[in-house]
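> Chain A is fixed; fit chain B onto it per the hints.
For reference, the chains in residue letters:
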Amino acid sequence: MFNEAKCVKKLSSTSKEVEDIKVVWIFTNESDPSKGNEEQQYSIQCTAKDLLENGIRMRLLNLPRTDKVRFDRSLFYDSVIIIDGDNDFDENEIHIEIQDDLNLEGLLEQVSEAFLKVRKLQSVPMYLPGKEIPTGCRIDTSGETTNNPLYPGIVINLYHFIRIKKKPLPTVISARSRKRTNKVTEILSTQTGEIISKERIRHYIEFGNERVYFTKDEVDQIKMNSTSIHVAPCLILLGFKPTPSISSIIQCPLISRSMFAYPDETCVKGNRRAFATLHASMLRKRVMAIGKFLFKTNGTERFVAVIPQEESLFENGEQNRPPGLIIMPLAFEDDIRAIPDNGMIAADMKLVEAAENMIRHLNLDREIVIGESFENPALKTFWNYIESVALGTPLSETLLNHDDTSWDVDNILSACGEHIDKFNNLLPENEHVTSKNKRKSLSSDIDVVDIDWIKEFNENTLDKLSVNELKYYLRSKGEPISGRKADLIERIQRHISVVVKNEFASKNV
Amino acid sequence: MKSGVVAKKAPTASKQAIVYIIDTSPSMKQFYPPSTSSSSKNAIRPSDDDINIERQPRLDAAKEALIGLITDLMLQSKTNECGVIVLHTQKTKHHLIDLREDDLKKDEQEVTNFIHLTELSPVQRPSVDLLRQIQSISISSFETHIDGTDSSNTRMMQNRAGGFCDGIMLAFSSLKRKTSGKIYNRKIILITDAEREVNIHWDQLDGTVEGLREIECDLAVIGLDFQRSAEYHPPAVLSATTAETNATTTSDGPPREEGDKNDNKANAINDQTVDTSTEKQLQAAMIKDDNEMLLISLTKYIGGTVHAASTIQQILKQASGRRIPKSALSKIELQIAPSVTVEARISLSTTKQSFPSLKREAVTLNEKGEVEKNVLGEIMSTPVMNITSHWDIDDPDVEVELVKRAQGYPYGSDLIPIGDMELEGLKLRSVPRVTILGFAAAERIPMTVWMGPTRIVSGSVDSRRACLAVSALAQALYGLNQLAICTFVKQKDSDPEMGILAPLVEDQSIHVGAEKPKVLLYVRMPFADDIQNLTMNPLKDHVRMDDKATHVCNDLIDAFMLSDTELNPASIPNPAIRSFRKTMIQRALDSDFGGIVHGRIQNSINDMDPMRTPLQMVEAGEKQTKAFRDTFALEEVQKVGKKRKKFFFSHSEEDT
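Heads up: the protein sequence lines correspond to chains A and B, in order. So the first sequence is numbered by the numbering used here: it starts at 1 and just counts up by one. So the second sequence is numbered by the numbering used here: it starts at 1001 and just counts up by one.
Quick caveat, the hints were computed from the structure, so don't treat them as lab data. Take the hints with a grain of salt, since some may be wrong.
Said to hold, decoys possible - With a straight-line Cα cutoff of 30 angstroms, these simulated BS3-like cross-link-like pairs (lysine-lysine) come out:
| no. | chain 1 | residue 1 | chain 2 | residue 2 |
| --- | --- | --- | --- | --- |
| 1 | A | LYS285 | B | LYS1540 |
| 2 | A | LYS35 | A | LYS68 |
| 3 | A | LYS22 | A | LYS35 |
| 4 | B | LYS1540 | A | LYS167 |
| 5 | A | LYS183 | A | LYS198 |
| 6 | B | LYS1359 | A | LYS241 |
| 7 | A | LYS183 | B | LYS1359 |
This one's a predicted model, so the numbers in the text were calculated from it and none came from an experiment.
Isolated chain A (complex conformation) (with noise of 0.2 angstroms):
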């Protein structure tokens, strides 16, 4: 098993091939491979080494046994595992334990959440509003010294909840081998053709038809500068403000997606005792804090509210929302667009009445599970059909029949059927507004301008008439009216030759 899994290395460790990350996966029931002989231990472990140093990683899943004696792990650990460093076991690891049925749909799904396990972005320390200056760090307009320079603040590991997952960028491949091509990029002159040395690359910025320079290290330096935290990422609370309801939280100014904050007890002692104290009190009294963050040492920080988030359990006793506080990046003001003022009519009560209906009959509590519900359409199409390309197979009905994006006509008109047709009657016919932009298209029916265009044509006159006139011709006929004048008049052309053909075709006739 272990020899075979030399063929890894071999093929991945400087191969050029589009690199997955390197896993071998180790099915068995057997406790102890090298059955005790050492000689073989000591071969598989210097396999084990010789994968692990080339970063492909070992992952193990122990199978049941037939004579039910349990799979133990120490014992394989023992066998095969290297581990630097001390050997404490993490609270929060993940045990796959397959009892004496092997069920594989349960393999599967505990497989698949190994993989979606959320790995902390990284470790920052949250100082307290005040005069608290943080180690390694400095705030830079207060110009007050610290009582405790050590202090060195709560740390929380950082996590997103939410990653988007989108369709894979294409790689360019040869058709014949179907192996990637090497990219060589080069910078040209549009003007010479010659080929430039970045030596030889200056970057500007357009103002005031005038060129300004600069270099991306001076770009970098105004971010740095415009920070009043400098050396490492940190996040520094500036006071509390009341948690707003949630209909007033809907109207924050959000720019991006939020991140998770958990307490990290592994690297400052009294840290989770902290936080939980802070965390319950802002629970309590219904506040949320406002702080600065910098979330990477060359970035530029920006506001975020830390609101704390309270657990929740469903009913089954699994944790539904996790404790800890949520870091919302906020808008500066430079981020905020205004609100467009069309369509601001206030509707009756009647009208409301009816929308209240039907919003109470299509109801999705009970259906919906953040995080369970709406797959994604488009993703699960383009895999599905990578996959029968891949594998040479039909493409999967099931997922192609099943979409909780969609409508579901049938039951919707069944539980509000009666409702969506109030609402709909209630709503007047869509009878257009005429508005100062719309003159030009009512008025395209109509050839307002007293021209004799065939008279115009046939003495070749049409470029002496002003362009408006030249469109309103176009515009009376739905022809385009984009272009040049020559384009206008060409257009004119084109579309009298074919009616007076038309005509002489009719007399004929």
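Positioned in the frame of chain A, the structure of chain B alone reads:
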């Protein structure tokens, strides 16, 4: 966190046309802001008492503010246009008259109108060159005596020429020439101290006021050392103008308006008595007072504001107002339910601003490696482009030609070739559309899954049906505290995304409920596969309710409770973007400048860094912070040796 930001309405036109008028009368030599001590009022030099206050001549302050306003206009949009008129210049040069000094002397008996005005730029897209011209504006050297001792009435008129009334009329003419019949946001911004007598041609001024009202052009007066401020939106009824102006045209002096105090929209402030120590000062004060009243009166009937600005920051803030850019409205179908579809519009309500992307060009280097310049001192550059070639991975010398290339998508370690036609076939066909799948209680969709940027869904302005449908839906959702779960197809045939629709509640109505929501806010949320399985140990085991630690935390929160207005991110500009823009402007104006301008307001008594806790709060809460630190003694764990590595599936993996 309050959304006062989003409650502002956008103007109808996105393109702006602004004419700036700057006064260069001799009185603009005086220092600004004025000295606080009465003895130093109107003094040329600042007093010793005010040595700590950064002061400069009024003209310098006006120029600095003007450059700030124009650069702001340039940064807002490349399509914005502006013109600049300089008052009381020695020469006369504008689109109505182009006279040189000699001509002026020759024709001075006949010409008294629109002279001593210079149009630095007609209404057009501003350039850096215009900013440089503004930098070089100086006080006119031809100061004339205005004590009224000159014999001829024409001479007196000449002395008063080039005043702000002429400037406003010229600005109107300039705006009308360029923007007549076009959709623009028009505005005239006048920066003056109004301490010089002006010619008033009432017939022309009446025509100008009517004309400005007709083209919906606001007048904003930035009054340096003014005593009063006023705001008129919308402008007063014009019939009153005629009556009042007629009443005041009987004398040569500017009109006095008595009705201002009774106007509930006028906001007169700081009425102070004028120092009457000398006759000359009294006369100057009277002129300024009369001019202020005239400008307030003009503003009242044109519509706009008069600001008594005391700092450059105030000038910038008050003249430009709050800049909220508009987003493009995209046309979408809003499918509320089967058989209920309306025409709607969607636009971004937030967008993460970043630095503008840098463009590239190639320069020529000499033997020393220095950039070569032409005889005019300009950098010799050539535009560049990227060219990419593909080479066989097995045979690095063989180029893979375009016809022999394909696109491959990874499936395991394999690359599966997929053609464009196949990809087209995989697209989910749809027009741009928001489809409501159902509704859920607001609490069912946790904040952790909300994703920015947010968008606003409103009814199409052409369709009353759509507007009413969106409005009814917004009101119903608000009343029931529900959210609509929907899909959103941004562009034709693009992949759908999941989202929620929530009622957009405007600022004051959150608690009062006076205003009903009329539009919907779209917030993106993830699909099932995008959400990560996050499970954490309970925290409540580490908290004891009767613990002293709990009280410490409670006290800390109480000590640092902020008001609504404090630390409101939506009213604070991004310091990095501000720094970049300032640096760019500085470099554009001064080609030798190679440094970086800081965007962050430095700590000082008055201008506190907006991104920090208020100083008073920090001092008041010091005790609570210390108590927290003492109660929760945090101790860094010393790491020994390498970090543990776990390699097996049954162990969680950590980064090394």
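> So, for every hint listed, does it hold in this structure?
So, going through the hints one by one against the coordinates:
With a C-alpha separation of about 16 angstroms, the suggested pairing of A/LYS285 with B/LYS1540 holds against the 30 angstroms cut-off. The hinted pair formed by A/LYS35 and A/LYS68 meets the criterion: a straight-line CA distance of about 18 angstroms does not exceed 30 angstroms. Restraint check for A/LYS22 and A/LYS35: satisfied, since their Cα atoms lie roughly 27 angstroms apart, inside the 30 angstroms limit. Our distance criterion of 30 angstroms between C-alpha atoms is broken by B/LYS1540 and A/LYS167, whose separation comes to about 41 angstroms.
Restraint check: the Cα-Cα separation between A/LYS183 and A/LYS198 comes to about 18 angstroms, which is no more than 30 angstroms; the hinted pair holds. Note on B/LYS1359 and A/LYS241: the hinted pairing is violated, with a Cα-Cα distance of about 43 angstroms set against a maximum of 30 angstroms. Between A/LYS183 and B/LYS1359 the alpha-carbon distance is near 23 angstroms, which keeps this suggested pair within the 30 angstroms criterion.
Violated hints, in rising order: 4, 6; the structure is consistent with all others.
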